[in-house]
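From just these sequences and the hints, can you work out the full model?
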Amino acid sequence: MINLKINGKEIQVPKGTMLLEACRQAGAELPTLCYDEDLRLAGSCRMCLVEAKGRPTLVAACVMPAENNMDILTESEDVVEARKVILELLTARHKFDCHVCEKDGNCKLQDYCYKYGVKESSFAGEGPHFYKEDPNPFIERDYDKCIMCTRCVRACEEITGADAINLEDRGHHAKISTAFNGILADSTCVFCGQCVMVCPVGALTSKVSAGKGKAAQNEKVLTTCTYCGTGCTLELNVNEGKVVGVTSNRDRKYSPVNKGALCVKGRFGWDFIHSPERLTTPLIRENGELRPASWEEALSYAADKLKGVKEKYGPDALAMFTSARVTNEENYLAQKFMRAAIGTNNVDHCARL
Amino acid sequence: MTNSINELENDAKCIFLIGTNTTENHPVIGYKIRKNVRKNGAKLIVADPRKIELAEIADIYMRFKPGTDVALVNGMMNVIINEGLLAEEFIKNRTEGYEQFAETVQKYPPEVAAEITGVPAEDIIKAARLYAESEAAAICYAMGVTQHSTGTDNVKTMCNLALLTGNLGRPGTGVNPLRGQNNVQGACDMGGLPNVYPAYQQVSNEANKEKFEKAWGVPLSGKNGWTLTEAIGHAHHGELKALYVLGENPMMSDPDINHVEEALKNLEFLLVQDIFLTETAQLADVVLPGATFAEKEGTFSNTERRVQRVRKAIDPIGDARPDWQIICELSTRCGYPMEYDSAEAIFEEIRTVTPSYAGITYEKIDATGIPWPCPTVEHPGTPILHSAQFSRGLGLFHAIDFKEPVELPDEEYPLILTTGRNLFHYHTGTMTRRASALDEHRPYNEVEVNPVTAAKLGIANGELVRLSTRRGSIELKAHISEIVNEKVVFITFHYKEAAANVLTNADSLDPTAKIPEYKVSAAKLEKIV
Chain U
331 MINLKINGKE IQVPKGTMLL EACRQAGAEL PTLCYDEDLR LAGSCRMCLV
381 EAKGRPTLVA ACVMPAENNM DILTESEDVV EARKVILELL TARHKFDCHV
431 CEKDGNCKLQ DYCYKYGVKE SSFAGEGPHF YKEDPNPFIE RDYDKCIMCT
481 RCVRACEEIT GADAINLEDR GHHAKISTAF NGILADSTCV FCGQCVMVCP
531 VGALTSKVSA GKGKAAQNEK VLTTCTYCGT GCTLELNVNE GKVVGVTSNR
581 DRKYSPVNKG ALCVKGRFGW DFIHSPERLT TPLIRENGEL RPASWEEALS
631 YAADKLKGVK EKYGPDALAM FTSARVTNEE NYLAQKFMRA AIGTNNVDHC
681 ARL
Chain B
38 MTNSINELEN DAKCIFLIGT NTTENHPVIG YKIRKNVRKN GAKLIVADPR
88 KIELAEIADI YMRFKPGTDV ALVNGMMNVI INEGLLAEEF IKNRTEGYEQ
138 FAETVQKYPP EVAAEITGVP AEDIIKAARL YAESEAAAIC YAMGVTQHST
188 GTDNVKTMCN LALLTGNLGR PGTGVNPLRG QNNVQGACDM GGLPNVYPAY
238 QQVSNEANKE KFEKAWGVPL SGKNGWTLTE AIGHAHHGEL KALYVLGENP
288 MMSDPDINHV EEALKNLEFL LVQDIFLTET AQLADVVLPG ATFAEKEGTF
338 SNTERRVQRV RKAIDPIGDA RPDWQIICEL STRCGYPMEY DSAEAIFEEI
388 RTVTPSYAGI TYEKIDATGI PWPCPTVEHP GTPILHSAQF SRGLGLFHAI
438 DFKEPVELPD EEYPLILTTG RNLFHYHTGT MTRRASALDE HRPYNEVEVN
488 PVTAAKLGIA NGELVRLSTR RGSIELKAHI SEIVNEKVVF ITFHYKEAAA
538 NVLTNADSLD PTAKIPEYKV SAAKLEKIV
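Top line first, the protein sequences correspond to chains U and B.
Using this note's numbering, the first residue of the first sequence is number 331, and each one after it goes up by one.
Using this note's numbering, the first residue of the second sequence is number 38, and each one after it goes up by one.
Calculated directly from the structure, the hints in this document are not laboratory data.
Heads up, a few of these hints could be off.
Unchecked claim - With beta-carbon atoms standing in for the labels, derived distance ranges: (1) B:Asp403 <-> U:Glu570: 37 to 43 Å; (2) B:Glu563 <-> U:Asp516: 28 to 34 Å; (3) B:Glu159 <-> U:Asp441: 44 to 50 Å; (4) U:Asp516 <-> B:Glu298: 38 to 44 Å; (5) U:Asp634 <-> B:Ala244: 34 to 40 Å; (6) U:Pro395 <-> B:Glu125: 44 to 50 Å; (7) B:Gly372 <-> U:Thr610: 24 to 30 Å; (8) B:Ala425 <-> U:Gln342: 38 to 44 Å; (9) B:Glu400 <-> U:Gln342: 34 to 40 Å; (10) B:Ser510 <-> U:Asp634: 53 to 59 Å.
Said to hold, decoys possible - Under the rule of at most 25 Å between Cα atoms (straight-line distance), these lysine-lysine pairs were calculated in the DSS-like manner: (11) U:Lys542 <-> B:Lys349; (12) B:Lys251 <-> U:Lys637; (13) B:Lys260 <-> U:Lys637; (14) B:Lys561 <-> B:Lys514; (15) B:Lys493 <-> B:Lys561; (16) B:Lys72 <-> U:Lys583; (17) B:Lys564 <-> B:Lys514; (18) B:Lys102 <-> B:Lys193; (19) U:Lys438 <-> U:Lys462; (20) U:Lys542 <-> U:Lys505; (21) U:Lys505 <-> U:Lys414; (22) U:Lys550 <-> B:Lys349; (23) B:Lys401 <-> U:Lys550; (24) B:Lys76 <-> U:Lys345; (25) B:Lys561 <-> U:Lys572; (26) B:Lys564 <-> B:Lys524; (27) B:Lys246 <-> U:Lys637; (28) B:Lys349 <-> U:Lys583.
The C-beta atom is built at its ideal place from N, Cα and C for all residues, glycine as well.
What follows is the structure in structure tokens.
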């Protein structure tokens with residue numbers, strides 16, 4: 331075990347523990363942008379710098395293993411001053427359009443600038459500008475907001491394994507790019523949106539959710555995906571009574587199967603819920619055409635028809651296809667209805683199809 | 038699945054994928070398999086007529102002729118037996134029927150299997166060794182194995198392979214069907230099948246019948262019902278008069294759609310409950326508007342048997358209602374009152390008649406879902422089945438011979454048509470074709486055709502072509518790709534404008550499971566002039 335002091339508090343951590351984690355255990359939450367507990371360490375944003383007494387320079391806590399007798403300060407004057415400069419460097423080419431940004435209120439960069447009082451960057455000036463047009467319907471790539479934390483690159487490689495994006499160029503011109511700087515659709519991208527999930531700023535956002543509700547104002551409802559049988563957990567984002575997006579919970583406790591990872595259907599395929607083609611009223615066929623009807627009329631009519639067939643031909647002249655898409659509760663009632671109310675075992679669903 | 042999903046990322050040392058295009062149909066499981074291969078060095082064997090994405094990183098890829106699954110795996114097992122790679126202790130202590138099975142397998146030396154399947158014998162040998170010599174080997178399959186006239190035989194053959202090598206009941210092993218729909222596991226668990234009550238209790242068993250008669254307070258029928266595919270046939274012949282379809286779309290999903298349409302039109306009464314006016318709902322006499330997963334409470338059970346919560350995020354759209362409420366209303370009007378004040382109240386009743394769900398409560402699965410069997414409230418659930426013994430006691434080997442698919446290519450229809458899904462759409466497209474981004478990205482159907490075949494027919498990439506079988510024809514764009522070989526073409530069944538099931542065969546069903554042979558139809562491809 332390693333013994334060290336953090337903000338004056340003595341703690342003990344197992345050998346190999348990074349300072350970031352040691353600080354957390356001592357109750358000192360450090361600001362981080364490039365750090366992600368599911369991805370390999372990058373140590374690139376430098377936001378988690380801390381002062382180790384007796385050392386000539388500040389150290390990045392996410393990549394520095396705790397050592398015996400370290401005496402760490404997480405918010406000393408030097409640390410705060412360094413973080414301000416780092417934020418100014420990170421924001422030198424970050425387009426501040428927070429008022430129209432999808433990540434407004436849910437952006438780590440915004441939070442840290444607020445915390446450390448960074449209003450603008452002394453280093454702002456002429457810089458590269460990136461085209462944001464990527465002709466795909468899923469992911470908005472606005473690299474004028476990118477802070478080069480590379481979480482998207484690591485998530486693409488390590489969670490999905492698509493390897494669609496990586497760093498291109500150096501210095502001021504460095505950016506995230508597909509092979510040969512093409513569009514996502516021509517790359518190995520599978521539009522899973524893991525990059526959107528891990529992006530700490532507004533550089534990568536969902537085009538399907540754009541303009542429908544600000545992240546910070548959305549209510550999140552934890553549920554299970556409606557598509558394949560994997561059973562991924564996801565969060566429906568709700569704003570003013572409408573589903574406006576899907577995010578994911580990365581805590582294994584709430585997301586035991588997928589730990590936040592989703593596919594293109596789960597993350598971007600939710601807006602059928604509000605399709606104008608949704609059925610909103612019962613329909614009855616009359617003179618060959620379907621016409622709107624009240625629930626009372628439709629239910630009574632349907633029940634009479636079912637009862638009529640049962641009386642005339644017996645219960646086995648009726649059948650039901652229940653559904654692999656509805657809930658367990660509904661499937662239970664469906665088979666109970668056919669077996670107990672109608673009196674037949676003619677109930678099946680599309681498991682075979 | 039006998040085992041759990043995360044074992045494919047962490048515990049399996051060898052993964053044998055057969056008939057599953059995992060990265061497109063179960064993408065998150067696909068990520069995990071790829072991670073295990075890349076990060077932990079797990080071995081990967083892929084057997085599929087299509088050179089799917091995961092074939093690229095496989096240690097062995099076997100492109101076998103559609104419908105020859107039994108021959109391929111019998112060939113592997115022949116090697117395992119003759120090279121002494123079998124799990125003798127496991128076979129002795131935990132199985133029965135080995136002798137007869139082994140005798141049958143002797144008919145399939147790798148050279149014979151190679152002849153039938155088109156896979157080089159040396160690859161069959163390598164695959165057999167890799168699978169059998171691994172410390173923990175998992176088999177994953179999907180509809181590529183089951184949608185055949187020999188679907189049941191194919192599945193039993195996968196079980197034979199696992200039994201022969203003792204790859205069951207331990208982390209990272211198992212026979213793992215990857216199920217294609219959010220709650221297909223739950224629909225089966227709940228007795229949405231013609232021969233069983235909830236928890237697979239046979240309706241033909243008198244004691245089960247009495248149990249449910251007591252629980253539900255009415256006399257019940259002990260006669261097995263019709264499967265979906267049989268019901269359509271009976272509608273055709275006039276024995277089925279009324280059909281209630283809940284959240285299904287047989288006009289897209291069932292074999293030989295023209296046949297389905299005739300059958301549905303022959304009914305006296307068709308009731309459809311759905312969220313959209315599907316191709317099936319368009320034929321209905323009454324349509325009832327149901328709710329999406331976002332508009333109601335309940336549970337889904339995933340492919341690893343994990344029962345998880347579904348939560349209401351918004352009110353039903355318009356005058357739509359949660360489906361369970363609609364069923365209750367209908368039942369009450371049919372003279373069998375059903376009254377529940379919540380989905381949870383229904384779940385509480387389910388627990389009383391479904392032993393595998395008896396220990397699960399909404400409270401227990403509030404954060405983390407639980408895999409059944411979970412017989413008591415204290416029980417933590419069962420991620421791995423069959424660790425001490427099988428449901429029937431001993432694991433039973435089946436002696437299974439290879440049988441050809443029903444409809445083989447001939448001079449007139451020289452190609453094998455196989456159908457499935459793509460990454461961007463789901464099943465009959467009812468939801469995903471109305472999800473704006475998904476449909477914008479993949480708006481039309483395509484037929485995958487090998488460059489050699491395309492060249493012979495004078496077909497260019499992206500050209501509109503005609504694909505026909507004995508049932509009918511569709512027109513769609515050609516996508517020239519080596520993902521299929523010269524004798525195979527592939528299409529998806531998501532698109533109503535070029536519906537795959539116009540082409541498929543309603544007569545080639547598996548005799549036990551009644552599953553249609555979607556993976557093999559004889560077809561011809563033509564240039565449109």
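Do the hints match the structure? See the list:
1. The given range of 37 to 43 Å is broken by Asp403 of chain B and Glu570 of chain U, whose C-beta atoms sit roughly 26 Å from each other.
2. One distance hint, 28 to 34 Å for the beta-carbon pair Glu563 of chain B and Asp516 of chain U, holds here, with the actual separation near 31 Å.
3. Hint check: Glu159 of chain B to Asp441 of chain U, Cβ distance near 59 Å, so the stated range 44 to 50 Å is violated.
4. At roughly 40 Å, the beta carbons of Asp516 of chain U and Glu298 of chain B sit within the given window of 38 to 44 Å.
5. Between Asp634 of chain U and Ala244 of chain B the beta carbon distance is about 36 Å. The supplied range of 34 to 40 Å therefore holds.
6. For the pair Pro395 of chain U and Glu125 of chain B, the beta carbons lie near 48 Å from each other, so the given range of 44 to 50 Å is met.
7. For Gly372 of chain B paired with Thr610 of chain U, a C-beta distance near 29 Å keeps the hint of 24 to 30 Å intact.
8. Distance hint check: the CB atoms of Ala425 of chain B and Gln342 of chain U are about 41 Å apart, consistent with the given range 38 to 44 Å.
9. Between Glu400 of chain B and Gln342 of chain U the CB atoms are about 37 Å apart, so this pair conforms to the stated range of 34 to 40 Å.
10. Remark: the range hint 53 to 59 Å for Ser510 of chain B to Asp634 of chain U is contradicted by a beta-carbon distance near 41 Å.
11. For the hint pairing Lys542 of chain U with Lys349 of chain B, the CA-to-CA distance comes to about 19 Å; that is within 25 Å, so the pair holds.
12. For the hint linking Lys251 of chain B to Lys637 of chain U, the alpha-carbon distance of about 23 Å falls within 25 Å, and the restraint holds.
13. Proposed proximity of Lys260 of chain B and Lys637 of chain U is supported: the alpha carbons are some 20 Å apart, at most 25 Å.
14. For the proposed pair Lys561 of chain B and Lys514 of chain B, the alpha carbon gap of about 14 Å is at most 25 Å, so the pair holds.
15. For the hint pairing Lys493 of chain B with Lys561 of chain B, the CA-to-CA distance comes to about 13 Å; that is within 25 Å, so the pair holds.
16. With a CA separation close to 21 Å, the supplied pair Lys72 of chain B and Lys583 of chain U stays within the 25 Å bound.
17. Straight-line distance between C-alpha atoms of Lys564 of chain B and Lys514 of chain B comes to about 10 Å, which keeps the hinted pair within the 25 Å bound.
18. Between Lys102 of chain B and Lys193 of chain B the alpha-carbon distance is near 19 Å, which keeps this suggested pair within the 25 Å criterion.
19. At roughly 21 Å between alpha-carbon atoms, Lys438 of chain U and Lys462 of chain U fall within 25 Å of each other, so this suggested pair holds.
20. Among the hinted pairs, Lys542 of chain U with Lys505 of chain U is inconsistent with the structure: their alpha-carbon atoms are about 28 Å apart, more than 25 Å.
21. Between Lys505 of chain U and Lys414 of chain U the CA atoms are separated by roughly 23 Å; this keeps the pair inside 25 Å, and the hint holds.
22. For the given pair, Lys550 of chain U sits about 11 Å from Lys349 of chain B by alpha-carbon distance, which is consistent with the 25 Å threshold.
23. The suggested pairing of Lys401 of chain B with Lys550 of chain U holds, with an alpha-carbon distance near 21 Å, which does not exceed 25 Å.
24. Distance restraint check for Lys76 of chain B and Lys345 of chain U: the Cα-Cα separation of roughly 24 Å lies within the 25 Å cut-off, and the hinted pair is therefore satisfied.
25. Only pairs whose Cα atoms come within 25 Å are accepted, and Lys561 of chain B paired with Lys572 of chain U is rejected, the gap being roughly 47 Å.
26. Of the supplied pair hints, the one linking Lys564 of chain B and Lys524 of chain B holds, its CA atoms being roughly 17 Å apart against a limit of 25 Å.
27. Distance hint between Lys246 of chain B and Lys637 of chain U is fulfilled; the C-alpha atoms sit about 23 Å from each other, no more than 25 Å.
28. A hinted pair counts as satisfied when its Cα atoms are at most 25 Å apart, and Lys349 of chain B with Lys583 of chain U qualifies at roughly 20 Å.
In summary, the structure is inconsistent with hints 1, 3, 10, 20, 25 from the numbered list given earlier, while agreeing with the others.
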